[in-house]
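Chemist: Top to bottom, those sequences are chains A and B. Residues are numbered in this note's numbering as their position in the first sequence, beginning at 1, plus a constant of 2. Residues are numbered in this note's numbering as their position in the second sequence, beginning at 1, plus a constant of 3.
Worth double-checking, as some hints may not be accurate.
Unchecked claim - Which chain B residues face chain A? A few, computed with CB under 8 Å, are given here:
no., residue
1, Thr-64
2, Gly-67
3, Asp-68
4, Pro-71
5, Leu-165
6, His-170
7, Phe-172
8, Asp-231
9, Val-260
Simulated from the structure, these hints should not be mistaken for lab results. Cβ coordinates follow ideal geometry from the N, Cα and C atoms, glycine included.
The primary structure of each chain is shown beneath.
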Amino acid sequence: MNPAIEAVSISKTYHDLVSGRETHALDDVNLTVMHGEFVCLIGPSGCGKTTLLKIMDGLLPSDSGTVRVEGKTMVGPGPERAMVFQSFALMPWRTVRDNVAFGLRLRKTDKSATREAVQHYIDLVGLRSFADSYPDQLSGGMQQRVGLARALAVNPDILLMDEPFGSLDAQTRNLLQVDLERIWEADHKTCVFVTHAMDEAVFLSSRIVVMSPRPGRIHEIINVDLPRPRNDQTRTDPRFVELTAYIWDMLRGMIVREEDAA
Amino acid sequence: MAVVESGRRSTRWSRESLTVIGLRLGLLAALLIGWQLIGNDEVRLRMPSAVRTFQSLVKLTFDGDLLPRLYQSNVAMVTGYGLALVVGISSGLAMGLVPLFGSIARPYLLALIALPMIGILPLIQAVFGIGVAARVVVVFVVAFLYVALNSEVGARSIRPELREMAHSFGASRWQMMRYIILPQAFPSIMAGTRLGLQRAISGMVLAELFLSGVGIGSLLSFHRNRLDAGAVFAIALTMVLEGVILLGAARWLERRVTRGYVA
């Protein structure tokens with residue numbers, strides 16, 4: 003298997019222009035994600051997981067290091083990658099259908115092909131009867147289904163997800179995890195998924211990348227050997243419970259140290 | 004705020020909206036009757052009744068030169084207002100989108116708002132004379148500010164996560180403008196457009212009254228000097244009608260463009 007996307011010695015420091023303070027968000031981070039892998043980035047706040055994801059999408063420049071997509075150095079956002087946002091980032095003045103069509107419209111995809119693809123992905127995320135609704139008529143979970151369908155509609159090789167379920171309640175989040183797993187099982191797209199929820203990381207991932215803060219570094223990489231396809235039974239698997247507890251132990255150590263330092 | 008236009012055409016003439024229209028017409032009738040009652044047609048310079056006003060209006064329209072003067076006035080108004088829209092919207096958007104430019108230019112625009120128009124009329128006269136150019140400039144100056152400042156507010160209200168999203172999906176500069184920035188700024192731009200229109204109409208009359216004796220403004224002062232209150236009211240009524248029609252047209256345009264917009 004070949005790497006789908008690689009981050010090579012990425013460093014990034016934020017400078018606050020007002021206070022003059024510097025935040026060392028990422029320090030020499032290396033990450034290789036293989037084709038068909040589902041990788042979760044997890045860590046306490048401030049560990050640079052979202053920064054790393056945005057650098058991999060080309061939304062943020064890194065101070066040093068390179069990102070390679072299919073072995074080629076990447077210079078900005080590209081059609082082989084698509085992003086799902088924590089804030090959903092839906093256009094409130096457009097219907098679900100038009101929001102899902104957004105990426106295709108930017109690419110000037112032929113109209114009937116766009117219509118077909120949009121309908122397909124709206125059905126896939128379970129929003130068939132809401133296709134002509136506006137985002138603010140939908141619940142948070144449904145809004146993020148729109149965000150997911152919009153990313154899938156451009157048929158990317160790599161799906162980048164930035165805490166997509168972070169603002170949803172626990173029940174909705176469980177439902178969406180199962181749905182995402184079902185969608186992922188269909189074609190095993192390469193996924194990089196940022197989360198702060200331990201159970202979510204274990205449920206979805208093939209590998210979990212645990213990051214530590216200040217400076218943001220990769221702390222440990224965990225292979226998740228739970229059988230697929232995963233479903234709600236997976237959550238009661240002893241191995242699931244064990245891995246979740248293991249990650250919590252690790253994160254708790256970091257958080258306690260941070261609290262002490264503060 | 005943007006008007007919500009749902010696609011439900013069947014409910015357009017619902018019972019509620021018919022009731023509203025009926026009550027509006029009733030109010031209009033009551034106002035006209037009241038006007039007729041308080042009017043005094045025995046003395047020419049007294050407040051004219053509704054009937055005298057409408058008689059004057061008919062006379063001015065068919066025997067006088069109301070229409071050509073209205074046209075003359077509107078040439079300056081439309082030109083000045085059109086310029087104000089083009090310059091105001093583009094500079095307002097630029098101020099909102101380029102923060103440095105915005106913070107440099109904003110104090111100057113705000114200073115202009117406090118400036119009484121009547122005070123700079125001599126200045127405009129000195130530079131542009133008393134021809135059509137001077138009137139265009141007056142209309143432009145009074146309308147431009149409101150268009151620019153509202154467009155700036157619109158451009159600044161753009162949600163950064165939507166720009167980031169569009170950037171991630173590979174939007175070009177033009178696509179960013181077309182799909183993300185303009186739709187979000189549009190309600191504010193339209194608010195500025197309406198405010199600017201109202202100012203442009205009053206600027207037009209102002210210029211004609213105090214700068215050059217042409218158009219509807221000069222007709223107004225002519226009849227005022229002859230103490231013909233009926234004609235003065237008829238001309239004022241014409242300007243009210245023009246304002247209503249133009250603002251209605253602006254609203255119609257806004258609804259067409261924002262069809263389906265839920266703000």
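Chemist: All the hints need checking, so say for each whether the structure fits it.
Modeler: Status of the hints after comparison with the structure:
no. : hint    : result
1   : Thr-64  : 43 Å, violated
2   : Gly-67  : 48 Å, violated
3   : Asp-68  : 47 Å, violated
4   : Pro-71  : 44 Å, violated
5   : Leu-165 : 6 Å, holds
6   : His-170 : 6 Å, holds
7   : Phe-172 : 4 Å, holds
8   : Asp-231 : 51 Å, violated
9   : Val-260 : 11 Å, violated
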